[in-house]
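Trainee: Here is what each chain is made of, one letter per residue.
Protein chains: 4
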Amino acid sequence: MANEKICEGDYVLLCLDARRTYMVKVETGKTFHTHKGYLNLDEVVGKDFGGAFRSSLGTEFTALKPSLTDYIMKSSRKTQITYPKDAALIVMFSGIGSGSRVAESGTGTGALTTALAHYVKPNGKVYTYELREEFQKTAEKNLKRANLLDFVELKNGDVTAGIEERDLDAVILDLATPWLVVPQAYTALKPSGIIVSFSPTIDQVVKTTEALKEAGFVFIETVECLMRAMQVERGKTRPHTMMTGHTGYITHARKAVKPLQETPKNSA
Amino acid sequence: MANEKICEGDYVLLCLDARRTYMVKVETGKTFHTHKGYLNLDEVVGKDFGGAFRSSLGTEFTALKPSLTDYIMKSSRKTQITYPKDAALIVMFSGIGSGSRVAESGTGTGALTTALAHYVKPNGKVYTYELREEFQKTAEKNLKRANLLDFVELKNGDVTAGIEERDLDAVILDLATPWLVVPQAYTALKPSGIIVSFSPTIDQVVKTTEALKEAGFVFIETVECLMRAMQVERGKTRPHTMMTGHTGYITHARKAVKPLQETPKNSA
Amino acid sequence: MANEKICEGDYVLLCLDARRTYMVKVETGKTFHTHKGYLNLDEVVGKDFGGAFRSSLGTEFTALKPSLTDYIMKSSRKTQITYPKDAALIVMFSGIGSGSRVAESGTGTGALTTALAHYVKPNGKVYTYELREEFQKTAEKNLKRANLLDFVELKNGDVTAGIEERDLDAVILDLATPWLVVPQAYTALKPSGIIVSFSPTIDQVVKTTEALKEAGFVFIETVECLMRAMQVERGKTRPHTMMTGHTGYITHARKAVKPLQETPKNSA
Amino acid sequence: MANEKICEGDYVLLCLDARRTYMVKVETGKTFHTHKGYLNLDEVVGKDFGGAFRSSLGTEFTALKPSLTDYIMKSSRKTQITYPKDAALIVMFSGIGSGSRVAESGTGTGALTTALAHYVKPNGKVYTYELREEFQKTAEKNLKRANLLDFVELKNGDVTAGIEERDLDAVILDLATPWLVVPQAYTALKPSGIIVSFSPTIDQVVKTTEALKEAGFVFIETVECLMRAMQVERGKTRPHTMMTGHTGYITHARKAVKPLQETPKNSA
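Residue numbers (the numbering used here), protein chains in the order written: chain A, 1 to 268; chain B, 1001 to 1268; chain C, 2001 to 2268; chain D, 3001 to 3268.
Fair warning: there could be bad hints in the mix.
[To be verified] Beyond 12 Å from chain B on every Cβ pair, some chain D residues (computed): (1) G3058; (2) F3135; (3) K3137; (4) N3147; (5) F3151; (6) K3155; (7) D3167; (8) D3203; (9) V3205; (10) L3226; (11) E3233; (12) K3236; (13) V3257; (14) K3258.
[As the list claims (entries may be wrong)] Cβ pair distances, simulated, as ranges: (15) A:K141 <-> D:Q3231: 31 to 39 Å; (16) D:A3176 <-> C:K2236: 20 to 28 Å; (17) A:T177 <-> B:K1236: 20 to 28 Å; (18) A:H35 <-> D:R3020: 29 to 37 Å; (19) C:G2157 <-> D:K3144: 40 to 48 Å; (20) D:G3037 <-> A:K141: 39 to 47 Å; (21) A:C7 <-> B:G1157: 31 to 39 Å; (22) B:H1033 <-> A:G235: 54 to 62 Å; (23) C:G2009 <-> D:E3027: 53 to 61 Å; (24) D:K3141 <-> B:P1183: 52 to 60 Å; (25) A:P183 <-> B:T1241: 26 to 34 Å; (26) D:N3040 <-> A:H35: 16 to 24 Å; (27) B:H1033 <-> A:K213: 53 to 61 Å; (28) A:E214 <-> D:A3176: 39 to 47 Å.
Honestly, the hints are just simulated from the structure, not real lab data.
Just so it is clear, CB atoms sit at the ideal spot from N, CA and C, and this is done for glycine as well.
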């Protein structure tokens, strides 16, 4: 079987080392400049993904096929580095997979949307709500770059006013006031469906947890995840000095069917 | 659209609260006993997933449709609680999605295999190697329970002797001597393919990292992930007292095409 | 210089390994029983601290002179293992040293009192308040055992009603409602004096921080400390699996002199 | 009792908020410049510690009496922020207090020496070894500033060649090759005395632990400490985004008397 070739218009991840990678669109006649010299992108076209190229200063770059984590980390400079750990846990807790239908709010620059779309493809759909149009445009661009736009419906709307979809497998909240959207999420989810909320502050977590109990969700849990990178080298192995100490708390829960009609409380 | 009904033979997750859940196969004529009384499973058949049921002692359980994390956490008592965080990161770093072809070793009791199969379905495949037959049987049972056996090929073999597949999207290693399998993983992966190794000790990480460099992998990184659960209650919010302090380190890397023939060093 | 000998009535820390240590009072005619056999304490009298002794089953124990951390960890079974890290930081943030005068509330079983007394001796004093007499008795016993009772005044009283001392170097709060004691601590401290509060919940931290700002404290900071033990063995080195995920938050601040009379706000 | 006055020549900690503090020597005729305007230090002389002063731009600074943590954190820009947590644990594990005699190597810029001297005063002594004279000079200056030089003997020497003192209560190692000093530390310590070693890499920890076992130390333990600061504000409370992920591992152990002569192995 032949290796996959890099085509005009493809994105490649030019990798110098684990800390220095660059997402570049391959266009003939263009050059990519770094502090380690420039690369003629003409040379890259038609070569194998995974191949090595030398810059004008002789530094070797590997032209990797971008992976999901690359698309996430290059979605926005602000969310760089820290987001994949949270996206991974949000996706895992949500239970989604190929074919799932999931609502998300807000879209932001589409980092988490990218992860959700990656995992529901090819038969599922992500309905993502965002009020700010400039964010939507960035998200659309990022999703297109990752070839995931077909699995996403970008919606300009306010989820506190309602989620239009029904029988969803999961609802993902990453907005300032998640507790206000909990009732709408309950309505939009199918029974036993999963809600996952990501919030930076404790106060958001407490309000959201209270709203979840009130709305009829069960199996409510909140976790935080600390990811620490290691410097691995024989005789010098140690954790890196600086790390991200906090991004946000992840709260997840499942929709229970209410009310409890089969066995009334007074007859138990 | 009608809610999904619980059928004879289905598995349900009986949920008392976030810390006490039970994976139960629904069979008519059987009862499920807990310290909070017993449930007649006859009553559950034909009801909605997400519905509530009372035990003989009046305690309310919710009968949830099991999610991926439930199948992972109930795969083996030993890996309970701690595994989903690592499975989530391993999956994310591996870049796999629907349609991916991935090799894994060792299978163990199939917790990670379950996660991999969940994400590659319906068109992908997990080729999982295990030497110990008794583990394979447990894994097979766990995968069948999660309806994921169709997407897995359980192989009885020693990956240090070779991985039979070629052009794989990812290779996942969770065994005692990952460094010995790195050359085989290189051969089995397609260019730019991803290897992820999970190891409890620093020494394994160092040896594996050295083997990855030697074999021609790039973008090599090792992280560890600490997940801490919160007790959320207005006026009493705090992290839980006990946590899992360590499960293992996750090392991931990507296959670069070697040798670097296009631009010889002396002409650079 | 001769080694220090173990005398009748001394406490020794019998050490089997880092995880199994026993605080024992040396009394002639008594034996100390463990699952590894018994030791005749007669044999220990007159020997050097640091010496090794064999149990009836041949297991070797080292009879160490108890250190501060031993007295803290053996003060109460409930605070075992986790407390020294917090005591260390509380002491460090408080700025106390030999000669310092410090108030503490509540005394509890005296674990933190033991640390405070250790560091203010021989010329300083710890004024420790406790409402529950049974705790006071345990604390007194623990302090006596550690030879630190002379540097402590055990007071039966309610610090929310007032701290009797004045011009204190530090006030240490380890009670359910620290915010109620902040005004009393302000009055009791000398200018630039330090308050340190230890609380398990976020809500306590928020209320205490607000009370500190209101009372005239500055340089207010809250931290939490996670301590993780390592299993160190060539070829098998890794963090231990279980760890204490949370004990409490440490909030510290310093008393600023108020009001700001020298330069009235309207003339600035 | 009168408040303590700020005198010519004293150091004050000018505090703008918890993140912006400045250690300043009070000298008449001098001004202290910040981005928030300047302060005439003349105004500060004769005032109370803890008093507030306004800069030329109207910003209020509190002139605090420097505490131990301030001296540590201002000892060297490189060790700022992260060191007090480690100094606190090193001191606590070492068991030292007023009157203790302790050796340290290397002195560095004296941050840890400052902590050790603070806790052994007024009757104890810190013998601190350093090979590089320029570091010794900085350390001497830092110790003098903290009024702790009287309790320290700065020694220019190589501890791998030997520690001159005997019957020490503790030996503290913070150097590149602690395992080479372990035999010397054993000789210098009194029985049951404590050694504490601080090292950034796992490899140092493994070698040191092996050397400790070989030399006759017991109760050997290695820990790492993660300290995370909180942003505390009602409705917005959360951990800070960035934290120090790693400084070093702390290994501590106690000297057992060897050989085990009283009860030969073959007669046990």
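Trainee: All the hints need checking, so say for each whether the structure fits it.
Mentor: Evaluation of the provided hints:
no., hint, verdict
1, G3058, "holds (39 Å)"
2, F3135, "holds (31 Å)"
3, K3137, "holds (38 Å)"
4, N3147, "holds (40 Å)"
5, F3151, "holds (37 Å)"
6, K3155, "holds (35 Å)"
7, D3167, "holds (37 Å)"
8, D3203, "violated (9 Å)"
9, V3205, "violated (10 Å)"
10, L3226, "violated (9 Å)"
11, E3233, "holds (15 Å)"
12, K3236, "holds (14 Å)"
13, V3257, "holds (33 Å)"
14, K3258, "holds (29 Å)"
15, A:K141 <-> D:Q3231: 31 to 39 Å, "holds (33 Å)"
16, D:A3176 <-> C:K2236: 20 to 28 Å, "holds (24 Å)"
17, A:T177 <-> B:K1236: 20 to 28 Å, "holds (23 Å)"
18, A:H35 <-> D:R3020: 29 to 37 Å, "holds (33 Å)"
19, C:G2157 <-> D:K3144: 40 to 48 Å, "holds (42 Å)"
20, D:G3037 <-> A:K141: 39 to 47 Å, "holds (46 Å)"
21, A:C7 <-> B:G1157: 31 to 39 Å, "holds (37 Å)"
22, B:H1033 <-> A:G235: 54 to 62 Å, "holds (56 Å)"
23, C:G2009 <-> D:E3027: 53 to 61 Å, "holds (56 Å)"
24, D:K3141 <-> B:P1183: 52 to 60 Å, "holds (56 Å)"
25, A:P183 <-> B:T1241: 26 to 34 Å, "holds (33 Å)"
26, D:N3040 <-> A:H35: 16 to 24 Å, "violated (46 Å)"
27, B:H1033 <-> A:K213: 53 to 61 Å, "violated (27 Å)"
28, A:E214 <-> D:A3176: 39 to 47 Å, "violated (58 Å)"
When held up to the earlier numbered hints, the structure conflicts with 8, 9, 10, 26, 27 and 28 and fits the remainder.
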